[in-house]
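Start from chain L and add chain S according to the hints.
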Amino acid sequence: MKTTNQRAWLLVLPVLLCVSFSALLPLMTVVNYSVQDIISPTQKVFVGMEWFQSVLRDPDLHGALWRQLLFSAAVLAIQIPLGIGVAQLMPATGWRSSLTLVLLAMPLLIPWNVVGTIWQIFSREDIGLLGHVLTRFGIDYNYTAHSVDAWVTVLLMDVWHWTPLVALLCYAGLRAIPDAYYQAARIDGASRWAVFRFIELPKMRGVLMIAVLLRLMDSFMIYTEPFVLTGGGPGNATTFLSQYLTQKAVGQFDLGPAAAFSLVYFLIILLLCFVLYNYMKQIDAKEVTR
Amino acid sequence: MKSRSSLIATLLLVVYLLFTLAPIYWMVHMSVRSNEAIVGAFAWIPESISLHNFQTIFTDSAWYGGYLNSLIYVVINTLLSVSVALPAAYAFSRYHFVGDKHLFFWLLTNRMTPPAVFLLPFFQLYSTIGLMDTHIAVALAHLVFNVPLAVWILEGFMSAVPKEIDETAYIDGYKFPRFFVKIFVPLIKAGIGVTAFFCFMFSWVELLLARTLTSVNAKPIAATMTRTVSASGMDWGTLAAAGVLTLIPGALVIYFVRHYIAKGFAMGRV
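Order-wise, the sequence lines are chains L and S. Just so it is clear: in the first sequence, position 115 is 114 by our numbering, and no numbers are missing. For our numbering, add 8 to where a residue sits in the second sequence, where the first one is 1.
What the hints contain is simulated information worked out from the structure, not anything from laboratory work. Take these hints with a grain of salt, some might be off.
As the list claims (entries may be wrong) - The list that follows gives simulated cross-link-like pairs (lysine-lysine, DSBU-like), each with its CA atoms no further than 35 Å apart:
#  : chain 1 : residue 1 : chain 2 : residue 2
1  : L       : K280      : S       : K227
2  : L       : K280      : S       : K183
3  : S       : K183      : L       : K1
4  : L       : K1        : L       : K202
5  : S       : K227      : L       : K43
6  : L       : K280      : S       : K109
7  : L       : K1        : S       : K227
8  : L       : K285      : S       : K109
9  : S       : K171      : S       : K109
10 : L       : K43       : S       : K109
11 : S       : K227      : S       : K190
On a predicted model such as this, the values are computed, not experimentally measured, just so you know.
Extracted from the complex, chain L is given alone in its bound form (with noise of 0.2 Å):
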C-alpha cells in the first residue's frame, strides 16, 4: 500500500519544471494561432471556433483519419503480438542472448529518413533485395505504382522498425520473473500456455501497457519513413494525418487552420490513449483482485 505523502511533490517537481519549459509555452502558442487569422505577423483576426468547424467538415480530413486507424489499429495487432512472440524465442543468458539483443535493437538505432530512404531501394522491384525477390516468386509488386504494395510496404516497414522495441521491453518484462514461478508451474504440471497465459502474461502487463501506449501514439505520428518512401502516395493510400497536417502547414501557409488541425490531431490521441489506458488498468485491477 502507498502512503499518502504530499511532499513527494518535491520529487516530481524537477520533471514537471523540465516538462513543462518545453511542453506548455508551444502547446498555448498554437491554441493561439488556432483561434486566429495569421494574415501577416503584424496583421491578425480572432476568429473564434471557425477553423475548429471548418477542419473537423474537411473530407481529406476524415479520409487520412480512417487510413490513420487502419494503419495504427495495423501496427498494434502485429507487433505486439509479434514482439511478445520474439520476447519468448530470445535465449535467457550467454553470448547468444547478447547477440540477439544487439541484432534485434539494430532498426531502432537508425535516424527515420534513413529508413525511409533504405526502404527506398530496397523495395525497388529492379534493385532493391525485397522487390527482386517477391518479383521472383512472380508476384506483380510495385509500391511506387500500386496503392496496395505502398500501404503494406509503410506497414512492413514499421513492423521491421519497431517490433523490436517492443520485444525489448518484453524480453526486459520476462526476465524479471523469478525461476521460482516456473517451478511452481512444473511441479503443478502446467502446460506451456498456461505457463504464458497465467504466470508470463500477467507479470509482462506493466511493460506490455508502455508498449501498447508507446505503439499507438508514435504510430499515429509517424511521418518522417512514408514521406521518404512514398510520398503520400501513389495517389493518397499513405497520406497518414501528419502527412495531411504538413501540407496544410508548409504547402499553403495556413498557421490558423494548421494549428486547430493539430489540436484536434493531439485530442484525437489523447483520447485513444486514454481509452486504452484505463481499459487496461480495469483488467489489471480485475486480475489482481481474482
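Frame of chain L; chain S shown alone:
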C-alpha cells in the same frame, strides 16, 4: 521432445533476425557501392567493395562534426532525463499525493503532440531565450518526449522493489537522499540501463526538432544527411554509409546495458 522444441524456437528466431537484418544488409551493401552501381543493376553481393563513401564522411568536417554534435546533445539529454526522472518515479511508485494519477498520465500526453505545427513555437521559444543553435537547446527540447518515457519505465521497475527495503533503511537511520543514492539506485540498475538505452535511442533518431533548433554549430548528423539530396540526384551511397555509422553508438550502448536487461532482477513485476 525438449530439444526439438528448442530447435524450432532457434529456427524461428533466426528467421526473424534474418528479416531484421535484410534491410540492414542492404544498407551496408549500398554503402560500399557507387551511386551508378546502386541504381544501375541488382546484385546479391556487391561486385566490388569501395570505401569511398566512408572516406567522404571521415574527411568532411560537416559529416563527422554532425556525429559529434548528435552525440553531445544525446548524452546531455540522456543524463538529464534519467536524473530528473529517478526521484519522480520514486514518488509515483511509493506515495499518494494530490493529483498523482493525473500528473502521471499528463506526462505521457507530452509525447502526443504532432510535430509539424509545434515546431514553430519551439523555434520562437528558443530564439527568444537565445539558445538557438546550441546543444543545450536540442537536449532540452528532447526532454519533452524522453522524461515522460523515463518516468514511466523507471516507475515500473521501482514498484517491483519491495517496500520493506525502504522501511528497514529508514529505521536504520538513513535519510532519504543517502538511502536513495546508496541503497535504492543500485537496486534498480537494470531499470536505469533499459531507460538510458531508450532515452539515447529516441534522442539519437529524432530529426525534426533537432533540425529546427540548429543551423551550423550544433547541426545533428541526421540533418547533415539531408545534404545528400541535391539537384544532381540522390547520393545514395554516402547516405547509406552515414546510416551504417549511426548504428555504432547505439549498438555500443545496448552492448553495455545488455546484462542489466538480460539478468533482469529477481524481484517480481517489471
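Quiz item: Is K43/L within 35 Å of K109/S, Cα to Cα?
Solution: 39 Å, violated
Pair hint K183/S and K1/L, alpha-carbon separation not exceeding 35 Å: 19 Å, holds
Given the hint that K227/S pairs with K43/L, does the C-alpha gap stay at or below 35 Å?
-> Distance ~33 Å between K227/S and K43/L Cα, so the pair holds.
**Prompt:** Can the restraint linking K280/L and K183/S be considered satisfied, given a maximum Cα separation of 35 Å?
**Reply:** 34 Å, holds
query: Does K227/S lie within 35 Å of K280/L when you go C-alpha to C-alpha?
result: Measuring from Cα to Cα gives roughly 42 Å; hence the hint is violated.
task: Sort out whether K202/L lies within 35 Å of K1/L, counting only the CA atoms.
output: 20 Å, holds
Taken at face value, is the distance from the CA of K109/S to the CA of K280/L at most 35 Å?
Cα-Cα ~12 Å, so holds.
Inset, instruction - Would you mind confirming whether the straight-line C-alpha gap from K171/S to K109/S stays at or under 35 Å? - result: Since the Cα atoms of K171/S and K109/S sit roughly 20 Å apart, the hinted pair holds (cutoff 35 Å).
CA of K285/L to CA of K109/S, is that 35 Å or under? It holds: about 19 Å lies between the C-alpha atoms, which stays within 35 Å.
**Message:** Need the status of pair K1/L, K227/S: alpha-carbon distance at most 35 Å?
**Reply:** Violated. K1/L to K227/S sits at ~46 Å, over the 35 Å cutoff.
Take a quick look at whether K227/S and K190/S sit within 35 Å of each other, Cα to Cα. The hint is violated at about 38 Å.
Checked against the numbered hints above, the structure violates hints 1, 7, 10, 11; every other hint is satisfied.
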